[in-house]
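What follows is each chain in one-letter form.
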Amino acid sequence: MGKNHLGEFEEIVMLTVAILHGEAYGVAIIEEMETRLNRSVSIGSLQVVLKRLEDKGFLKSELGEATSVRGGKRKRFFTVTNVGKDMLRTSKEQRMQLWNAVPDVALEFIGL
Amino acid sequence: MTQSTPSPPKLLLRFFRLYCNPQLVEAIEGDLVERFEIRALKKGQKKAKQLFIKDVIQLFRPGIIRPITGAQKLNKFGMLKNNMVIAKRQLLRHKMYSTIKIGGFAIGIAVCLLITLFIKNELSYDKHIPGHENLYRVVNNYNMEGNIIRFTWFAPPFAQAIQDDFPEVTLAGRTNEGNNFGAGKNNIRIEGDMQNHYEGDFIYADQQILDLFQFKMVYGNLEEALAQPNTLVMTRKKAEKLFPGENPVGRTVYINDNTDRPYKIGGVLEDLPSTGFFQFDFLWTLTGREFWNGEQASWESQNYQVYVRLNPGTDIEALNPRLSEIGTKYILPVEKRNGNPNAEEEMKNMSFSLEPVTDIYLKSQDISDPYQKSDIKYIWIFGVIAAFILGLACINFINLSTAKSANRAKEVGLRKTIGSQKSHLITQFLTESILYSLLSFIIAIGIASVVLPYFNQLAGKALTLPWSELWFIPTMFFSSVLIGVVAGLYPAFYLSSFRPAAVLKGKLSMGSKSSKLRNALVVFQFTASIVLIIGTFVVYQQMEYILNAQTGFNKEQVIQLRNTQVIGDQPDNFKNELLKTPEISSVTISDYLPISGTARNGNMWWKDGRTKVDAGSSGQNWEIDYDYLKTLGMNLLQGRNFDREMRTDTSAIIINEKMAEALGIQDNPIGAKITNRSSNRVVWTVIGLVEDFNFDLLTAPVRPLAMRLGNAPSTTSILVNTQDMAATIGDIQKVWEEMAPNQPFIYEFMDQNFAQMYVGVERIRNILTSFAMLAIIIACLGLFGLSVFMVEQRSKEISVRLVLGAKVTQVVSMLSFNFMKPIFLALILATPIAWYMMNEWLNDFEYKISMNIQLFVFAGISALLIALITISFQSLKAAFTSPVQGLRNE
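Listed in order, the protein sequences are those of chains A and B. Residue 5 is where the first sequence starts when you use the working numbering, and the numbers rise one by one after that. Residue 936 is where the second sequence starts when you use the working numbering, and the numbers rise one by one after that.
Keep in mind that a hint or two might mislead.
[To be verified] BS3-like cross-link-like pairs, simulated, lysine-lysine; straight-line CA separation at most 25 Å:
(1) B:K1357 to A:K77
(2) B:K989 to A:K77
(3) B:K978 to A:K77
(4) B:K1542 to A:K77
(5) A:K77 to B:K977
(6) B:K945 to A:K77
(7) A:K55 to B:K989
[Unchecked claim] Among chain A residues calculated to face chain B with C-beta under 8 Å, some are:
(8) A22
(9) I23
(10) H25
(11) G30
(12) R40
(13) N42
(14) R43
(15) V45
(16) I47
(17) V52
(18) R74
(19) G75
(20) K79
(21) M100
Treat the hints as calculated values from the structure; they're not laboratory data. Everything numeric in this text was worked out from a predicted model, so none of it was measured. Idealized CB from N, CA, C, for every residue including glycine.
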């Protein structure tokens, strides 16, 4: 996987982080994904992807304030970096290109 | 949140913190707790806990677990690297100490490795037999006035009886290994070939023996190889020698040129593993074989070994007592019919038991059987010696490490000041000792592989380093780490406990703090060494004693020709031809010789008229010729030898002193009438009393013996009187080739055959000597290291003494005396231990040296001398070094 490629789960995570816009931390991301996509996500798999995206430079994170809930642990908030935004946009454009190239018949056939 | 806030399982959370990457831990832990709280509200605590466990387990994955790389690990690795660098510097800076430490260790480990291989080999005996768990042999335990005599000779029908009468016994088979019946070495000749081959180890066996032992076959069918009369099987190496490159099954051979009884080859067995008690080259079938008329049905002779296979899961303890039913059912009626008045009594004294075949090699020293055996005792002795030698090497390591501690004290102090914790220092010192140990192991394996051929020779084995076996390399690696830790633990704790303030102020008494321990360890080392030295001396003297003992017969200058029955019916002619050579002074032809491994038999003897009244005394019944006593130099105390002129000498007999005693005729033996038959009255008249001579190992007392005229022609003994042995043997060979064309000429020297009897004892002597020397070398290495250190420590003191006018001798004696004290102590400790141990060993011998004070004095002086020489190197060096050098730094 090159640096210019996003995996499916990676893309969803980045989009979710973008949706939450400033409120994106572990549990929030999971809940958002679970409600929107009806897809169960474990903390483990999410954390691994978050870390990887951060290493690639698509996400950045900072620790928030300590709160009384969560056993007093601080939240780590994620935001999409500019590189990440570019990446998402490129990804979207690529998809759109592909969508546009699909002849209508092909999709009608499978009932879309 | 309220107080009733449910909390996630603490233990799991702790586990998570333990493995989680510290950079991630806070945020993820928060997430975990938050999720748990949400779920607890929504789905209840129990479900939340379950899901929590799942979460934690799912988090245990690369990327979240503490990273292998990264700052944390780098630091630890860096310390390890640093520890290695320090260890390497220490090793190179103090080359001599390192050499002593590593060298001593390597020797110790090499010895342990060899001994381990040896023990492993000994313990593996007969484990290769398929189904050995259910394979047993029968042992006869005869209670003779309180002494249990155990042997494995049984009557011909015994095997069938045990199989018929006990359902637990699924199969029983016999072997016959008696020289009297032709087992042992024989000439073998292939049909259509002229040349005879003299080949070893023929044994008679039932077809069932093949079924019991499940030998691997090269040619032929295991189930029927010995099933037909007059068949034989041989091992692969003999088949390849006699029938190179062909399948010999079905071929005909003649044994000892006996064309009346040709043998068909029924099969070829794969060569027997050397780790088996049962060793042979040829098996003759017992099928259809009868050694005399009615022999196979007779319960009166005992010549067969009986092996049985039991049903798996048979209770041996319950079966053993029931075996004596065979005695009451079969043997008792026969004895009664023969009119033995004590039959009932004798039967009560006889009992049978089953012994696993895997116990034969190591655990049946008290059982009389025809096999070469070892002794579990020696496994223990060697194991202890190996542990001791390794212990000595470890002691050197500990001693030198703590002795040199003064030099490391400043380093320790400094490290602690900078912030090292005790555990770091312990890790550092252990790293060092493990490194030393690893190096020693590599060298040890080198030493072992070089020494292995010599060790094999010494131990009579064919051991190899088991490189190809899976356990070997990991075991070696882990043992080296383990030994490194064991040897390094004390120095590590000792060194790491220095208090930085005291050390840096220079208050530490330089390494002398643990001198008490060091001295104790030196005492221990030398005690062990001196015990070994004394042991070696005793074993050596005992061996010399036995080999040169007055055996009561002449074994020097006697040449023995084997297989001389091929001469046939002209033995007198052969003798006369030989006697034409002036160097040959006497010739006798006989099977029975005072060398173990030659023919033996047993009879019951009575004074004539006492049969059916007395129980009788058992004794040998040998057939000899007119020249036997003269040739073998036996001493006739009373009476006369057999005489060719006396026709009545066919019923004359010569007995030894023990026989005379046993029959109660010691006062007036000549002319006494004795008999060895309880039924047919064959009476012998004693015409001579011969002085007791040893015909068994000197570990046993002489037994009663009677000798009569007979024809037992397997061996010709020739007494020669010559300076040129080679020429005389050439003369003998010429006669042989004339009389026995195409027969191999095989000669041996009787004194060598005699020495051969003690090969086992001699082996132990050699191994013990080597170990004793090694122990001494290792102990001396340590002592040498310590003396170097002491002299270094006291170099200033010595210099001052020299400057102020002390004599060299004073300095040397001062330094030496200090070191000799622990060795004196060791000598005092070692003496009683060695005395006790060697007494135990000597008790095995009927004829033995008495342990004397000189022996101990001699061993003690040797130990002291060796130690003194070791020390004086350094003492002298110190005394002769110019004092300027010692004081230069002041």
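Tell me, which hint numbers fail for this structure? Structure breaks hints 1, 4, 8, 9, 10, 12, 13, 14, 15, 21.
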